[in-house]
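Participant: Here the protein sequences come in this chain order: S and Z. Terminal number for the first sequence in this note's numbering: 559, no gaps in between. Terminal number for the second sequence in this note's numbering: 502, no gaps in between.
It is worth saying that the hints were derived from the structure and are not from the lab. Take the hints with a grain of salt, since some may be wrong.
As the list claims (entries may be wrong) - Straight-line C-alpha distance at most 30 Å; calculated BS3-like pairs for lysine-lysine:
1. Lys400/Z to Lys367/Z
2. Lys224/Z to Lys470/Z
3. Lys470/Z to Lys400/Z
4. Lys349/Z to Lys272/Z
5. Lys349/Z to Lys510/S
6. Lys539/S to Lys224/Z
None of these values were measured; they are calculated from a predicted model.
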Amino acid sequence: MVPFTILTAPACPLGLENVDTDQLIPARFMQTPRAQGYRGFLLHDLRRTESGSMRVDFVLNDPRYAAAAVMIARNNFGCGSSREAAVYVLADAGFLCVLAPGFGDIFASNAIQNGLLPARMAACDIEALLHDPSVLAGAPITIDLTEQSVSCGNKTYAFDLRADFRQRLLNGWDAIDMTRSYAKDIEAFLVRDRAARPWRDPVR
Amino acid sequence: MGANPQTIIDKLWDGHVITTRDDGDCLLWVDRHLVHEGSHHGFAQVRYRDAMVARPDLTFGTADHYVATRRGAIQDQDCIRMVRQLMQNCTDNGIVCFGDGDPRQGIAHVVAPELGLTLPGLLIVCGDSHTSTHGALGAYAFGIGASEVAHVLMTQCVWQSRPRRMRVRVEGTTGLGVGAKDIALALIAKYGTGYAQGCAIEYTGAAVRALSVEGRLTLCNLSIESGSRLGLVAPDDKTIAYLRGAPYAPQGEAFERAAQDWLALASDDDAQFDHEISLHAADIAPIVTWGVSPEQAAPIDARVPDPAGLSDSAKAEAWRDALEYMGLQAGQKISDIRIDRAFIGSCTNSRIEDLRAAAAILKDRKSQVPGLVSPGSRLVQQQAESEGLDRIFIAAGFEWGGPGCSMCVGMNGDVVLAGERCASTTNRNFKGRQGKGSRTHIMSPAMVAAAAIAGRLCDVRELMREIV
Numbered sequence: 356m357v358p359f360t361i362l363t364a365p366a367c368p369l370g371l372e373n374v375d376t377d378q379l380i381p382a383r384f385m386q387t388p389r390a391q392g393y394r395g396f397l398l399h400d401l402r403r404t405e406s407g408s409m410r411v412d413f414v415l416n417d418p419r420y421a422a423a424a425v426m427i428a429r430n431n432f433g434c435g436s437s438r439e440a441a442v443y444v445l446a447d448a449g450f451l452c453v454l455a456p457g458f459g460d461i462f463a464s465n466a467i468q469n470g471l472l473p474a475r476m477a478a479c480d481i482e483a484l485l486h487d488p489s490v491l492a493g494a495p496i497t498i499d500l501t502e503q504s505v506s507c508g509n510k511t512y513a514f515d516l517r518a519d520f521r522q523r524l525l526n527g528w529d530a531i532d533m534t535r536s537y538a539k540d541i542e543a544f545l546v547r548d549r550a551a552r553p554w555r556d557p558v559r
Numbered sequence: 035m036g037a038n039p040q041t042i043i044d045k046l047w048d049g050h051v052i053t054t055r056d057d058g059d060c061l062l063w064v065d066r067h068l069v070h071e072g073s074h075h076g077f078a079q080v081r082y083r084d085a086m087v088a089r090p091d092l093t094f095g096t097a098d099h100y101v102a103t104r105r106g107a108i109q110d111q112d113c114i115r116m117v118r119q120l121m122q123n124c125t126d127n128g129i130v131c132f133g134d135g136d137p138r139q140g141i142a143h144v145v146a147p148e149l150g151l152t153l154p155g156l157l158i159v160c161g162d163s164h165t166s167t168h169g170a171l172g173a174y175a176f177g178i179g180a181s182e183v184a185h186v187l188m189t190q191c192v193w194q195s196r197p198r199r200m201r202v203r204v205e206g207t208t209g210l211g212v213g214a215k216d217i218a219l220a221l222i223a224k225y226g227t228g229y230a231q232g233c234a235i236e237y238t239g240a241a242v243r244a245l246s247v248e249g250r251l252t253l254c255n256l257s258i259e260s261g262s263r264l265g266l267v268a269p270d271d272k273t274i275a276y277l278r279g280a281p282y283a284p285q286g287e288a289f290e291r292a293a294q295d296w297l298a299l300a301s302d303d304d305a306q307f308d309h310e311i312s313l314h315a316a317d318i319a320p321i322v323t324w325g326v327s328p329e330q331a332a333p334i335d336a337r338v339p340d341p342a343g344l345s346d347s348a349k350a351e352a353w354r355d356a357l358e359y360m361g362l363q364a365g366q367k368i369s370d371i372r373i374d375r376a377f378i379g380s381c382t383n384s385r386i387e388d389l390r391a392a393a394a395i396l397k398d399r400k401s402q403v404p405g406l407v408s409p410g411s412r413l414v415q416q417q418a419e420s421e422g423l424d425r426i427f428i429a430a431g432f433e434w435g436g437p438g439c440s441m442c443v444g445m446n447g448d449v450v451l452a453g454e455r456c457a458s459t460t461n462r463n464f465k466g467r468q469g470k471g472s473r474t475h476i477m478s479p480a481m482v483a484a485a486a487i488a489g490r491l492c493d494v495r496e497l498m499r500e501i502v
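With the sequences and hints as input, model every part of the structure.
Facilitator: Structure (structure tokens):
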């Protein structure tokens, strides 16, 4: 995974609350192998009219945000189903960061696995960004993971992120390699746990 | 009890920690990993790394998301391929799979508890957010994403950071027609869909104790709809009785010894929680959702709320949007909302007790709308048929289907058509959840039965009084 340090890019002011993962990618697209790319499924039904044409009044379809790599949303972004495809659609469409006051827990850990930063910001700061004329005009903002800051013009906001998530993104660690380095600890655990929980394994 | 009183959440967590990193992340041992058709991304990553499944003996497959649940259904090739792919992935890796045609097949969160794969004190993961269900038996169970599925397949471990602990108390006694589903929806309606973000929940209080294990499975199932990855209930005599004799649970003497360990998992008397919230059971009425988020719910005897009364402009906009999508008017009586279809099923409400509750209302009555019942597993289906419940549903005009996720998520082709309104025992009323353009009202099985009979959302208590 590529380490995340500083990102400077336009932000899409989505502004919706409770964006569930069924909106991020409707279930009917989830049979698709990842290799085929998930970009086209991002917010598939919300951004289209009933007849299937792109809604001109939907913010993600606005050409000012065509190069956006940051999404700005209201609270509880990525709630609902655990589908990691909800992160694939964002990643494959070029997004590297979502700013919101809160995230679905599973969505946030899925995001980290794919190098997407789920940055938690105070609700009032999200409101400020959603109404900032330069953001609305499609001007780039800067996300600094080391400083945990978001800069927009001459204003700077702080964001919050779990310490372990921050480490993972900064280092671009591979979780499986890291876990395998603890093989001895795993063996030791299994020995002491067998005594503590003799009923642990399924009966055959 | 030691000098340092602990919650059940701490006891379960501490019992699974292999190592703790400097940043606070812990490597946890996984006792059971449940896989389903959607786990294909995880298996693909195992192949990509040329790796092995570390503990196939602790991994169990079940076909649920894409299996056909209607008799004679002609599925598209993609669904058939998804089910075959799961069964092949399990065969290739030496994993027991309750696949299509297996007498134990069904929804992962119904099958694992009834087979005793779910036990108190176990850590259980599955690439599905409703894994919180298994907490009802005192397990530490949560949903994971595809990368974590791959990680568990390859290592049988998972990295997690310690959650904050929340105690949710529901005291008192529930009234007529009020059950676990109403308790869960009432909590979410009162506190919002994000109230337990970052927390693990322990449900306590007299009304929770009074629930059967099946009711607790429903309550814990909906934890994810409150923002929490997991919710649990401490094991008690009901838990032990539910598991005694289950095929994958310890047997005989070993079971009785295990039961003593399980009962000791309960939170110590003085244990501290980070957050506490409560609700009085007597205040809960049968509840239905009116919008596109589980928090947009109201008692059946209420009116559709008016966004104009809200001071929060973003919330008002979300409510207006929900009413437009749902085709409802602010101020209309909820019990005047006409429905087109009814669905009884899903990991939330497809167990034998759910089917009995719905059948009790439907007996000797007729549904005004097409309806589908999808029992949660082959074993539930068999039990229901032995009790004659299938004949009650069929006589009422319902279709008696097979087990799977079915119309809750519509992946297998069983969908609610665009613009149609469905009274549903499921867990999510998100836009398009049951099919593109579908409109979902979530409620208990008895309330779905009542709605089907009336052809509109209906207070089941009226019908229950008739029965009495």
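Participant: Each hint: holds or not?
Facilitator: Consistency of the hints with the structure:
no.: 1; hint: Lys400/Z to Lys367/Z; verdict: holds, 23 Å
no.: 2; hint: Lys224/Z to Lys470/Z; verdict: holds, 29 Å
no.: 3; hint: Lys470/Z to Lys400/Z; verdict: holds, 28 Å
no.: 4; hint: Lys349/Z to Lys272/Z; verdict: violated, 41 Å
no.: 5; hint: Lys349/Z to Lys510/S; verdict: holds, 27 Å
no.: 6; hint: Lys539/S to Lys224/Z; verdict: violated, 47 Å
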